[in-house]
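Chains as they are written, first to last, in full-length UniProt numbering: chain C, 1 to 411; chain A, 1 to 411.
Since the list can't tell identical chains apart, any single copy or any two copies may satisfy a pair.
Pairs of lysine to aspartate or glutamate residues, derived as EDC-like cross-links and limited to a Cα-Cα distance of at most 20 angstroms, are as follows:
#, residue 1, residue 2
1, K183, E249
2, K145, E112
3, K377, E141
4, K367, E405
5, K301, E221
None of these hints come from the bench; they were simulated from the model.
Protein chains: 2
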Amino acid sequence: MSEFLTLLSPQEALKRWLNALPEVEPEGEEISTLEALGRVTAEPIRAPEPMPLFPRSTVDGYAVRAADTFGASDSLPAYLTLVGEIGMGRAPEFTLQPGQAALIYTGGMLPEGADAVVMLEHTQTTMPGEIEVLRPVGVGENVLKVGEDVQIEDEVIPAGVRLRPPEIGGLMGLGITKLRVVKKPRVGIVSSGDEVIPPEQPLRPGQVRDINSYSLSALVEVEGGLPQRYGIVPDREDALREVIGRALEENDMIIVSAGSSIGTRDLTARVINEMGLPGVLVHGINIRPGKPTILAVCNGKPILGLSGNPVSALVVAQIFLPPVLEHLLGLTLKRPRARLQACLTLNVPSQAGREDYVPVRLIESAKGLLAEPIFYKSNLIFSLVRADGLLRIPADATGLASGAEVEVWLL
Amino acid sequence: MSEFLTLLSPQEALKRWLNALPEVEPEGEEISTLEALGRVTAEPIRAPEPMPLFPRSTVDGYAVRAADTFGASDSLPAYLTLVGEIGMGRAPEFTLQPGQAALIYTGGMLPEGADAVVMLEHTQTTMPGEIEVLRPVGVGENVLKVGEDVQIEDEVIPAGVRLRPPEIGGLMGLGITKLRVVKKPRVGIVSSGDEVIPPEQPLRPGQVRDINSYSLSALVEVEGGLPQRYGIVPDREDALREVIGRALEENDMIIVSAGSSIGTRDLTARVINEMGLPGVLVHGINIRPGKPTILAVCNGKPILGLSGNPVSALVVAQIFLPPVLEHLLGLTLKRPRARLQACLTLNVPSQAGREDYVPVRLIESAKGLLAEPIFYKSNLIFSLVRADGLLRIPADATGLASGAEVEVWLL
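Same shape as in the complex, but just chain C (with noise of 0.2 angstroms):
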């Protein structure tokens, strides 16, 4: 384990992870709607009523029987009676026969009979009781029909996937207040090293304060998880043991992020790989920043372990933890991740067989947005602070030309 076995491009590496995990049956918990925003659905959702529950006006207007307006025009207009106005929220108390009509608004119901509707704007009215109808409607015309958006007993949401303010409003509108969804995965956050102290201390000459718990739990919330903080373990083997077998045991995932010499490195690769088998699948990724990252399968819990230069934890983490995620989550719709067109401003020079991502910061301009590389090393977090995105070198790149067209994925 001292040597990097093998380099393995992200796209296979991520694939041999993914690949040693179990199919999950992830574990549902029902919560109210209104909590639901962010979460994945547990189990397909169908809808219990039709929708809409009755056919609706879209306009404002005169509902009416279609076959009533046929060949009416502004010269010759069919002449209807007016039987009444259809208040909101009611059913009409009528049946509309041959020759009425009744006035209606956007969202009213249409009365029994009735199976269309003449815009308020081709009538006139000239008599009190009756109205001139100056254009013909077809059947069905300016009408939702029942069940229109979604019919009874329709999968209105697969299970699988993730909740968006147009579907929690979809929910309400089927009058579903409650919902099993996906408990969100527990991720373990192990960070070591001797050096390392918590932010809260006061620092001595040789200590760092620990970033990369924070930054890394902030990545696993924004992306849908619930990280669970395991503190600063030191450079010992047993101390790591116990931590990450404990870590492994409590959560559903964990991600060690651990020093950056050598030493560390293997030490906790060789620990990880004692946690379960298939253990340590990959140690080293033809990535640059990220060569040293370890992804594992313990005990059917995937392990991802980060090199400790802040930048390069969260530049990997950015890479392996989202699909992870997904998985664990059970989700089934993975909507296209946002990502910008952009242009580079400056040449960018990357090793061909590496993937490369660079720290970019975006900039609007007249001829669209331009994308200005960051300058960085791989322990300077505010790099990253300073970047909106971060822009990938294609492994058969020797570097991107000034002006290249090239994808931005946002920070």
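We have chain C; now place chain A onto it with these hints.
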């Protein structure tokens, strides 16, 4: 007010609205950095100390005086006396003298006197207590300087910046465990309509459940506001006036989603216009869906009046809510919003002069992302549930052709 006096473009309408808003001095509150993800800084944040606090090695190797390695090569190594090993997390207890070297690990603190680090792989050991350096290093090589990430008193995060995972990590790294963020703007949400009932009630013919209060609340949450729902108000002037007045009093802005008939729209506009100066600024926008949108400012607070149609309400809110919330939050760093490039799969007609938003499904394909337009009516909320994003057809286009490269905003 009974007619759309002017039909502005969405851009002009937005500009007119924002220009009528007073400059904000957003109220701040102190919170724990642990809770600050997604919040906006209320004041600039300065580094209380440099980061790193001491010169750190970026590799495993030997701390040296660079001058001692000048001219070193495989055939003519520089011989240095090994004086010790630098433990992680501690200040070295010695000063490095000329001709000396000390073993150091990645992240370790350079001893006084050392000004560079030679990588382990560029050295060899043949005699105990002595190392051979095979390549020269320059001053500062493989060393992070004090303050290389941030200098003491640097403004590391300006006021008005939304905090992401890198900022959370960076703040903790500086020992900043509390900070002042902008209080979440309170957004009052009023739904009106005699036909609208709360979701938990059984539907009677003619009634529909409230969708907009919930889809809009969810959007407010996503955008960093605090939604406050005021329930459903009957379409009566006195009732509307009372609830809108109270909501405006108790919030930083309000959204009113009113019925869709001409009568209720006019009623809403009239009541909003009474709430304070300058009143209704825009009533009717050249956009589909969402033509009857109302933009108002009353007593310094923005009011967004939306159609009762749930698709129309949510699409228009997606356009107008984010910029006004950014204003209320005092956001100074407006990062570009995520938008995806995709290839349209069908012709989409549109009326010239009007800006159209069309829900689309995004499909990953070998040729890149495809955008498939979804047939919708502005009252069918599940047409948005089926969509990944919105496609904008500019006002000067009479539609877009199949195969066109388009921009899609994620829902």
